[in-house]
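Peer 1: Read off the chains here:
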Amino acid sequence: MNKANIVIVGAGISGLSIAYNLAKKGMKDIAVIDKQYITSGSTGRCGAGVRQQWGTRLNCILAKKSIEFFETAQEELGYDKDIEFKQEGYLILSTSKNEDEVFDKNVALQNSIGIPSRRCTIEEALEIVPHLNPKAFTSASYCNTDGHVNPFLMSEAYYLAAKKLGVKFYFYEEVKSIEVTGSTIQKVITDKHEFLTNKVVNAAGGFAREIGEMVGLEIPVFSENHEILATEPTRRIQGPMVMSFSKNIYCQQVPHGSFLMGRGNKDATRDHDISSSWQFLDEMAKTVCHILPEVGKLRVIRTWGGSYNISPDHQPIISDVTDLPGYYIACGYSGHGFMFAPITGELISQMVLQEELDDYAKDLNINRFTNKTLTDFEESVV
Amino acid sequence: MSKKDIIICRCEDITLEDIHNCLKEGYTTFEEIKRILRVGMGPCQGQTCSVLIQREIATYINKPLEDVKTHKTRPLIAGVVLNDIVGGTDE
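Those sequence lines, one after another, are chains C and X. Positions 1 to 382 (the numbering used here) are the ones given, in order, by the first sequence. Positions 383 to 473 (the numbering used here) are the ones given, in order, by the second sequence.
Quick caveat, the hints were computed from the structure, so don't treat them as lab data. A few of these clues could be false.
What the hints assert, rightly or not - Derived SDA-like pairs: lysine to any residue, alpha-carbon spacing no greater than 25 Å straight-line:
hint: 1; chain 1: C; residue 1: K286; chain 2: X; residue 2: G470
hint: 2; chain 1: C; residue 1: K247; chain 2: X; residue 2: N465
hint: 3; chain 1: C; residue 1: K168; chain 2: X; residue 2: L405
hint: 4; chain 1: X; residue 1: K451; chain 2: C; residue 2: S276
hint: 5; chain 1: C; residue 1: K24; chain 2: C; residue 2: F171
hint: 6; chain 1: C; residue 1: K168; chain 2: X; residue 2: E413
hint: 7; chain 1: X; residue 1: K454; chain 2: C; residue 2: K24
Based on the sequences and whatever the hints tell you, model everything.
Peer 2: Shown next, in the form of structure tokens:
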């Protein structure tokens, strides 16, 4: 029988960041369990972008604080490889009068909490990304401190730092059940071990709902396949991520030289499917060739899919649970768990160690859906 | 020949020494090594490196070759130009 002060379910970026933050603050006997290995789920399948241009106040705050961490992550974590953090911005395209107005509002909100985004005309956008098709959009917004981080290496940086601080990792081990008596967690049972513990963090990404059900908790999230493709690497031609909500595309050139691009599928089923479809390839190719004709000359070398874990308001659930003390949730990122990981680790560690939470963080509680205390809805999602 | 001079993955310039270092760090499946070193993610999609790395893993963890998985195969089977995909649709 293993004993742990806390068991973290999931070794994606969220679980790793939580483990690191708890260990850094002195917590001992932390166990992280994953049914595969670090970044084997959504983290390792994500689009590798990090942005602060959001439409809700909460998402803006989470994003800004996370970017601040990425800026110093390499040194703070003492990582000897390169996390490939580059701040060459996100250029987000509007394609209608209506969307122009939404962008005006979003940029005002972003500026009000210190995010240095700005509105751009077509000409200004072309100065930032010269190979844009000027007929494909009406205006844009740009934030030069948004950018890119390598999800694999960022995760490894957290993993190695956490390991150094004594966190224990259990890979290729699947959590099967969680034993609760009354309102106290007793045990986490996997296919290999039993862990005596009173605290569990659900950082299971696409499987967060199932880990909630293990303690009788209904977390209002579902998983949905979002597909991506990568091109062959080429010379550097594009600094910023180019994105459009109305055209349903995000597309960036990563430091390694490949272009990564993805889009959502409004007909996606709510399940754990992560397969690749020809429909995606077809739609993606049409969209990118229209907006970024130069990119159309490149070869696609691989496609894949990953789960978005979607919450009702497209904002994450970073929360404790009123009826079950010791159970913590970090899920429902709606496709943006990678870029919010630094603040996730910070906030969950504050909850676990009963530190004072900032006011905004209280709004991330799961109770917001039953109490209907929050009416904000994030539209700015691809 | 030095391990530094033996190229295992030609797409990403990964040497035998890189692979051995990665194994020593505890990454002992192709998928884990891929995420750290990018092997199998280049234009050839693992057609050169996958069996070479499979053999290195098998030797390192002392298991028969057939018990060691190679890379996950993903579409497409060969590189296709994005513009050609658009041109190929019948709309």
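Peer 1: Would the hint linking K247(C) and N465(X) be met if the CA-CA limit is 25 Å?
Peer 2: holds (18 Å)
Peer 1: Just to be careful, I want the Cα atoms of K451(X) and S276(C) compared with a cutoff of 25 Å; is the pair within it?
Peer 2: holds (21 Å)
Peer 1: Please work out if K168(C) and E413(X) have their alpha carbons no farther apart than 25 Å.
Peer 2: holds (21 Å)
Peer 1: Are the Cα atoms of K286(C) and G470(X) separated by 25 Å or less?
Peer 2: Judged against 25 Å, a Cα distance of about 11 Å means the pair holds.
Peer 1: Against the 25 Å threshold, does the CA-CA distance of K454(X) and K24(C) hold or violate the hint?
Peer 2: violated (36 Å)
Peer 1: Has the given pair, K168(C) with L405(X), been kept, meaning a C-alpha gap of at most 25 Å?
Peer 2: Given that 25 Å is the threshold and the Cα spacing comes to 19 Å, the pair holds.
Peer 1: Are the Cα positions of K24(C) and F171(C) separated by 25 Å at most?
Peer 2: Within the cut-off at roughly 22 Å; holds.
In terms of the numbered hints stated before, the structure departs from hint 7 and from no other.
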